[in-house]
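Residue numbers (my numbering), protein chains in the order written: chain A, 1 to 194; chain B, 1 to 194.
Hint data in this document are derived by calculation from the structure and do not stem from the laboratory. This one's a predicted model, so the numbers in the text were calculated from it and none came from an experiment. Built from N, CA and C at the ideal position, the CB exists for glycine as well. Check each hint, because a few of them may be wrong.
Stretch by stretch, here's where chain A covers chain B in the computed footprint (C-beta under 8 Å, at least three residues) [said to hold, decoys possible]:
hint, stretch
1, 66-78
2, 90-97
3, 111-122
4, 126-134
5, 142-155
6, 159-166
2 protein chains.
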Amino acid sequence: MKTQPFAFELLGAEGAASQYDSHLARRLSALAGQFSDQPAFEAALRQGDPVAYEVYSMARPEQPGELSHGLSIVHPGRIGSEYFMTKGHFHAVRETAEVYHCLKGRGALLMENEAGDWALEEFRPGRVVYVTPGWAHRSINFSEHDDLVTFFVYPSHAGHDYATIESRGFRKLVLREAGGYRIADNPRWSPVPL
Amino acid sequence: MKTQPFAFELLGAEGAASQYDSHLARRLSALAGQFSDQPAFEAALRQGDPVAYEVYSMARPEQPGELSHGLSIVHPGRIGSEYFMTKGHFHAVRETAEVYHCLKGRGALLMENEAGDWALEEFRPGRVVYVTPGWAHRSINFSEHDDLVTFFVYPSHAGHDYATIESRGFRKLVLREAGGYRIADNPRWSPVPL
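The shape of chain A in the complex, shown without the other chains:
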C-alpha cells in the first residue's frame, strides 16, 4: 500500500485505471435474487453468466481520514425490463458518505435508507452524486450499448454491508420503458426492522 502521494490515469488507454490494487469483475450470478424477472435471469446465466460490472480500486488503510477511490464500470445489458446494475450495498459504518462523479454513459444511482426513504439521481457525464451517510446505493446503466463509468470516493473505514440488500432487495425497481424508465415498487422488498 502506498505511503507517499501518488497519481494515476483514471481511465487509461485500456478502458481501465492505469494503476490499481484490486480489480473486481462481478458476474450476473452474483446478483441472484435482485432482478424481478427470474426466468430471464436464469436464461442469461445459461447463456454464459456475463460480467455485469467491474470495479478498479486503490487500496488504502481502513481508517478514518483515508479515502478509498476508484473506477466503477457497469456494462450494458438487460434482464427482462431491468438494466444491468451493481449489487448495491450499505456501508457497514452507516455514518459514512460516498461521492460519485460520472465520467461516461448514462444511468442512475438508486438509494434508500433504513427509515424507508428512497431517492434516484441520474448519472450523466460531469454529474456528481452525493450519497449522504446511511443510504444504500446501487448504480444502474440505462444504456443498451455503452458502459456507465463513474469515479467513486468513500471514507476507507466505511466497510461494506452487502447482506442487507442481498436479503431484502431495494425498495424500488427501475424498469425500462419506451423513451425512458419508470420507478416501481419491488414486490419482494421488505423493510429493515427498526
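Put chain B on the given structure of chain A with help from the hints.
For chain B alone, kept in the frame of chain A given last:
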C-alpha cells in the same frame, strides 16, 4: 445543508458548479510572501490584484464520514518565473487525505509533509492525485492561457491549517523554464519544528 442525497453538474454552463454552498475567489494579495519575486508580485497587485483561483464547494457537517467536495479553478498567470497557484495548506487534522481529479488544463500538485519530504504530481485531464494523510498541498497552473480545473474530495472533519504554509512557505518552488518547468529550493522555507 442537504440531509438527502443530491446531485449537480460539476462543471456547468458558466464554468462553475451548477450548485454550490460557497464560492471562494482568492485574489493574488492573499498569497503575500509565497512568490519569490517580490517586485513582480507588488507590480501585479498594483495592476489590479487579479483573482488567482476560485473554489466552489458543497457544505457538509464537519464530522468523520462526511465528504467535502467541489471544484477548484486556478486561473492562468505568472509572477516572475512562478505560475499562479493556490495558497496551499495542511489539514488541521493531519491524519486526513484528499483526492483530486483533474478535469481541464495542466499543472501540478506540490506536496510536502512535516518530516521534510516533498512530492510533485502532474495534473492532466483524467489524472487522479492522492494526497496521503499529513501532506500539505498546493495546486499550480502551468498554462499561460487556460484554467486548471480539478474536482476535490476530502474528509469533512479535516479542517484547514493555512498558517503553517503562510509562515514557512513550501520547501520547493516550481519555476517556469523553456519547454517545461524546474523544481528549485525555496530560500525562504524553514522546516516545521519537530
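These are the hints, each one checked on the structure:
1. 66-78: holds (count 3)
2. 90-97: This one holds; 4 residues, not fewer than the three required, reach chain A with a Cβ under 8 Å.
3. 111-122: It holds, with 5 qualifying residues against the three required.
4. 126-134: holds (count 8)
5. 142-155: Since 4 is at least three, the answer is holds.
6. 159-166: violated (count 0)
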